[in-house]
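Given these sequences and hints, build the entire structure.
Protein chains in written order, with our numbering: chain Y, 1 to 373; chain L, 1001 to 1373.
What the hints contain is simulated information worked out from the structure, not anything from laboratory work.
Hints are supplied without guarantee of correctness; some may be wrong.
Selected chain Y positions facing chain L (in silico; Cβ < 10 Å) [unchecked claim]:
| id | residue |
| --- | --- |
| 1 | K99 |
| 2 | C149 |
| 3 | A288 |
| 4 | N347 |
| 5 | A368 |
Only pairs whose alpha carbons sit at most 20 Å apart, straight line, appear in this in silico SDA-like list of lysine to any residue [said to hold, decoys possible]:
| id | chain 1 | residue 1 | chain 2 | residue 2 |
| --- | --- | --- | --- | --- |
| 6 | L | K1334 | L | M1299 |
| 7 | L | K1260 | L | G1307 |
| 8 | L | K1203 | L | G1213 |
| 9 | Y | K41 | Y | K203 |
| 10 | Y | K108 | Y | E97 |
| 11 | L | K1013 | Y | R102 |
| 12 | Y | K334 | L | R1102 |
| 13 | Y | K334 | L | G1098 |
| 14 | Y | K13 | L | V1095 |
| 15 | L | K1203 | L | N1042 |
| 16 | L | K1334 | Y | Q101 |
| 17 | L | K1013 | Y | Q101 |
| 18 | L | K1111 | L | R1060 |
| 19 | L | K1334 | Y | E97 |
| 20 | Y | K13 | Y | W364 |
| 21 | Y | K334 | L | V1095 |
| 22 | Y | K334 | L | S1075 |
| 23 | L | K1334 | Y | E120 |
| 24 | Y | K13 | Y | S362 |
| 25 | Y | K334 | Y | R356 |
| 26 | L | K1334 | Y | V95 |
| 27 | L | K1334 | Y | S75 |
| 28 | L | K1260 | L | Y1188 |
| 29 | L | K1131 | L | G1168 |
If you want the ones that stay clear, here's a sample from chain L, every Cβ over 12 Å from chain Y, calculated [said to hold, decoys possible]:
| id | residue |
| --- | --- |
| 30 | E1217 |
| 31 | Q1228 |
| 32 | A1303 |
Using N, Cα and C, we set each Cβ at its ideal position, and we do this for glycine too.
There are 2 protein chains.
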Amino acid sequence: VIRPPATVGMSAKDIDTPALVVELDAFERNLHKMQAAVGSKNIQLRPHSKTHKSTDIARRQISLGAVGVCCQKTSEAEIMVEGGVQDVLIANEVVGEGKVQRVADLAKRAKVAVCVDRDESVREFEAAAAKSSSTLRVLVELNVGANRCGVESPADVLRIARSIAASGHLSFGGIQAYHGGAQHIRAYVDREAAIARAVRGVKETRALLAANGLPCECVTGAGTGSFQLEMASGVYNEVQAGSYIFMDRDYRLNRDAAGKFISDFENSLFILTTIMSHATPERMVVDAGLKSFSVDSGMPELADHPGWTVERASDEHGLIDLSNRVASFTVGEKIRLVPGHCDPTVNLHDWLVCVRDDRVESLWPVSARGAVF
Amino acid sequence: VIRPPATVGMSAKDIDTPALVVELDAFERNLHKMQAAVGSKNIQLRPHSKTHKSTDIARRQISLGAVGVCCQKTSEAEIMVEGGVQDVLIANEVVGEGKVQRVADLAKRAKVAVCVDRDESVREFEAAAAKSSSTLRVLVELNVGANRCGVESPADVLRIARSIAASGHLSFGGIQAYHGGAQHIRAYVDREAAIARAVRGVKETRALLAANGLPCECVTGAGTGSFQLEMASGVYNEVQAGSYIFMDRDYRLNRDAAGKFISDFENSLFILTTIMSHATPERMVVDAGLKSFSVDSGMPELADHPGWTVERASDEHGLIDLSNRVASFTVGEKIRLVPGHCDPTVNLHDWLVCVRDDRVESLWPVSARGAVF
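Below, the structure is given as structure tokens:
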């Protein structure tokens, strides 16, 4: 682990760059806003820890009312439990003898749930849970439009759910119905239509399960881009949103029902970077590139110049094109970038530098950084 | 740091996934091939450590004849020196009082060089080197077409070089003339034309320096995509290539003079991944996504199915579309991906799992992972 780019108590202007900075006031407002939103509908919040990979943040979310966290990987779940989280859903399929056993072992230390989309997985988890004398909650993943993992039909869910319910060390935990593909659909009506289709699939499945004596205690899914739609559906009772805590450029490009950019949550995560070269008036280079921010969902934007994005990124350079812009920047000056996509950006850094009133208030390790297996 | 996904001595098929695997035979052939290529032309190899961020690999390169390494960041340089590298060029501008002093301090422990593209930097490095009683080699970066950092004209280089040479604690180390933009130009003739322009700029600059009594001991630059052109130029005497050790999909798409894909170096770096879901015949999902490979230069390719790429990547999923393909894969099976871009892919991982004859021979930490400042 690389040493932190700051020390607690220092002025924010002295943070070494590039650094990942969390503005705590905005961050805390985001946490409270989401908790209030789900609380008003009597829906359970299980925030996705893949966004922050931080046990410090997970504990804060839980202290505000979250039931626990979800995560994508076995190693993330292990780190969350190690960090004090008592209830973890691996919102993903887990395969391979070693990993399946680790999940079952972890269930002795905390409430652990996992998703499956094949019959063999039920047998594998049952054998592993029997071996470690643990009880595992198992959800069936239904493909609701993301076209990634998940079975296709209510009948598939029923078949696998029966097999889970019939297994001595497993309990049927419900339906995982996350529509990843809907999160970044820009227009509200299109997002609404995508979630409406997901909801129809879930309703049909839940009815089939109920008709066969298998009540569905939990329908979990939803992300920052769509959670209000799932909350209003009457079938989802758990929200897995993650990005709301930090936001990013991509999520802020979504539009609400009135056609305006969504402003429920604020950008609280920034890449602090230094202008390292400005050799011609048109070309300005900052000291952050592909190793400091992810570009899969577009280039980062200059926080204080909305609409100005990094033009081109190489490993450790971000080129900002000033050709048609009126601007005055000097080498050595620090500027903040809003990442294109928060999750993989956080995963590049070892530290979250937390700032309030221009002072470094705390340093949180990105505890599960690199925990991909 | 996350624990390694393997143990030394285990069978390669037991490596936990996703993991970054180095196939040592191919890797070693690449190392020897490059050393032989530069040796035959009496050119100095200073491999770029930003590719591997590994002191284990840096020491191997040096033991085969490399003069030292170059790197992009101050923290990378510190880690390389800590790991036993005695000669480091920061092939990049460094700004900010703290960092400038760290570079000067490091020059007490090893031969250290750095690049500048502004007059103020000369004064800053002189002050810092005076403070730490060290001597620093300083190169002037000339923009040779990458349009990133670097001054524009030979006259700029001369002015800054004079100022370096007149500074008590600095020595003028030559010209940094790396054409990053030329590395991935697909057609040989276009790559050749780009480097020819770079060479003209360097020749003019070198002549102006010589005419003013400033011999240019070193012209450094070149990458895996173009180094043969710089070597043949008669002006470059140091090659900074990095990616040749691993290669990636993007570099392998370059064409040689005969219009064929370049095959000087072999892919030696793979993302080992497990098929985690295959819920319909068309959709197959592997357990590696944006947190296991970089997508800035395109999606990874299936190593054993040339031309088949990952269709879509989310944080921890890679979707492979089998709609129009004849294939038989099973959940749990492990497959190797060739990364789109090796440098930022390596930077995602904490460990390089080194394999020979299907056995894990060694585990090298990615020592400078996350060393971005």
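Under the constraints set out in the numbered hints, which ones does this structure not fulfil? none
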